[in-house]
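There are 2 protein chains.
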Amino acid sequence: MKGYVPGEQPVAGAAEKFIKLNTNENPYQCSPKVKAAIGRVVQSGLQKYPDPLATAFRIRAAELLGVDPDWILCGNGSDDILTIVTRAFVGTSDMVRFANPSYLLYRTLAEIQGAACDIINYNADWSLPAEFGKPNDWIRLAFLANPNSPSGTMVPPSAVAELASTLPCPILVDEAYVDFADTNCLSLVAENDKIMVARTLSKSYALAGLRFGYLVAQPHVIRELRKVKDSYNCDALSIAGATAAIDDGQWLNETRGAIVATRERMTAALTELGFDAVPSQANFVWCPHASVPVEPIYQKLKQAGVLVRYMRYPDCGDGLRISVGTDEQVDACLALLKSMV
Amino acid sequence: MKGYVPGEQPVAGAAEKFIKLNTNENPYQCSPKVKAAIGRVVQSGLQKYPDPLATAFRIRAAELLGVDPDWILCGNGSDDILTIVTRAFVGTSDMVRFANPSYLLYRTLAEIQGAACDIINYNADWSLPAEFGKPNDWIRLAFLANPNSPSGTMVPPSAVAELASTLPCPILVDEAYVDFADTNCLSLVAENDKIMVARTLSKSYALAGLRFGYLVAQPHVIRELRKVKDSYNCDALSIAGATAAIDDGQWLNETRGAIVATRERMTAALTELGFDAVPSQANFVWCPHASVPVEPIYQKLKQAGVLVRYMRYPDCGDGLRISVGTDEQVDACLALLKSMV
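Chains as they are written, first to last, in numbering that gives the first Met the number 0: chain A, 0 to 340; chain B, 0 to 340.
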């Protein structure tokens, strides 16, 4: 087994020399209210175990999402949520379904369980074939990143509901990037107990370093998942920081607005440079190029101090996935690209 | 499946009303250097992903432990380490061996994998029967809490080495409490690649709220375990805090000294009250009582505002596991006990 390989992280000290547009981090600092909340917990001491169920976060999130707190499970990043769900539903010789190309971790999680992967290729327009909802005897869990990575595209909630209605197993809709999108699948959770929605504070809340994510599912599902998670999977600082983050709606709106505006400008500029930039609902843009090989461009950008993610897929070719940075970072990247294509 | 049930945590607000001697937390605040290190990271921002391998911690820990950094795997608390090791070594229908009574999580981890439990009872003097090292065809992993909970006793490193030599599978020596003990199994790791040592910063470093633990094993073992862990399992704050914690040896020595001194005084007083207090190498004391039922004592202590852990085991009876608090906390508990037995 190969294991999942995360995006490059420059070693400490070298990080400042790079413009990092490769792991979809938020280019802005988190809300000052998050820093203050963490500071208060640090000052009060860390010798006690944290609340195993992150109740403070769940109460505030429930108000904002319009569900009850027992519909929410918190995790050490949404990767922890994906791990918990996989361990709860999937055993050796079972099958996990996911779309391709998408988040590579789904395959790793299936392989760790000793399960088979049922991989459904996206259509050329990044819609999902009906095959994704087709029942079979072995499938125990389906993953759908929505918005998807690397494409930044979304399957409409109505299509997700339809696929889920024919699936014989739960489907985890991975909404890591949904705060940058026009729509989401949250309301489907109440309609169908096979639908679960996972979210993270890493991207839209600029808290990748804090590790906090959560799942919304019906209470009888959450109850079973709690048995599988590590008892104290969220630390006291991340619970306080995450609660303060979701409480600061104004910060989210402003930051999201800035990133979406930069994304639209960036997409237009990349299209002008000849990339087949895919209109994005996330904080990155997927850029294949019909006539210019992109791997050398990735290398040259790196040499010039700009990290983007080069990705190659057997069935759909290669491309650059460029995260939306600040306007200055994006302009620096675009200027370099202009000199290369 | 029932799932692991952690010790009681009073809900926020009520916590201050209790003297908490039930989950083996350190009664003292962590080193001020830990708070300062966390504060620096918070100020510099949390929008970037943390170092997936917690390199800064591993470099400093390696110096202190006398190994190379690639002998160390970091986790979100040592529970994360136990989970990673179980997922790496144990599949459906395999077998996990552990001693009884001990940390209840070992059973839960085996059950989540769909594995069988091979439970070996401690001898009456808390030594381990040779049976613990006996090979069979199904066993894939053995757990040994050392010092053990609830007993606070240790199996000597020489005995651990001997049991490991006959075991056909890896053994994880769970040294969560080892900083309060006179000896440890660290040096065995280099002698036998089946021996792994897990540690946590929750107890001796007063950082239960931060979630940080680590494993020491031979590099070829660590390499495989890395494939199973969540990519970013340790957050940026815990990596910085944990590194500062292990760097402050003076704080550790002073705090450990205070806790061990209180423990010895507490053990003597409990013995005088008629408890069969077991001499402890940890930061708690296991207290069965030959003539007085202890469950009502647990209840009465709780009503009086002192939380201890009541534990009952089918094969070895019941008792109170009392964490070593500050001298004031322990005196309050002892005064109450005096009025009850």
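Among the hints, erroneous ones may be present.
Which copy? The list can't say, so a pair holds if one copy fits it or any two copies do.
What the hints assert, rightly or not - Only pairs whose alpha carbons sit at most 20 Å apart, straight line, appear in this in silico SDA-like list of lysine to any residue: (1) 32 / 115; (2) 47 / 317; (3) 47 / 308; (4) 226 / 27; (5) 32 / 43; (6) 32 / 47; (7) 16 / 340; (8) 34 / 5; (9) 1 / 117; (10) 133 / 298; (11) 226 / 103.
By construction, these hints were calculated from the structure, which means they are not laboratory data.
Note that the coordinates shown come from a computational prediction; the quantities given were computed from them, not determined experimentally.
Results of checking the hints against the structure:
no.	hint	result
1	32 / 115	neither (44 Å within a copy, 48 Å between copies)
2	47 / 317	neither (49 Å within a copy, 25 Å between copies)
3	47 / 308	between (40 Å within a copy, 15 Å between copies)
4	226 / 27	neither (36 Å within a copy, 31 Å between copies)
5	32 / 43	both (17 Å within a copy, 14 Å between copies)
6	32 / 47	between (23 Å within a copy, 18 Å between copies)
7	16 / 340	neither (24 Å within a copy, 67 Å between copies)
8	34 / 5	neither (26 Å within a copy, 29 Å between copies)
9	1 / 117	within (18 Å within a copy, 31 Å between copies)
10	133 / 298	neither (41 Å within a copy, 55 Å between copies)
11	226 / 103	between (26 Å within a copy, 13 Å between copies)
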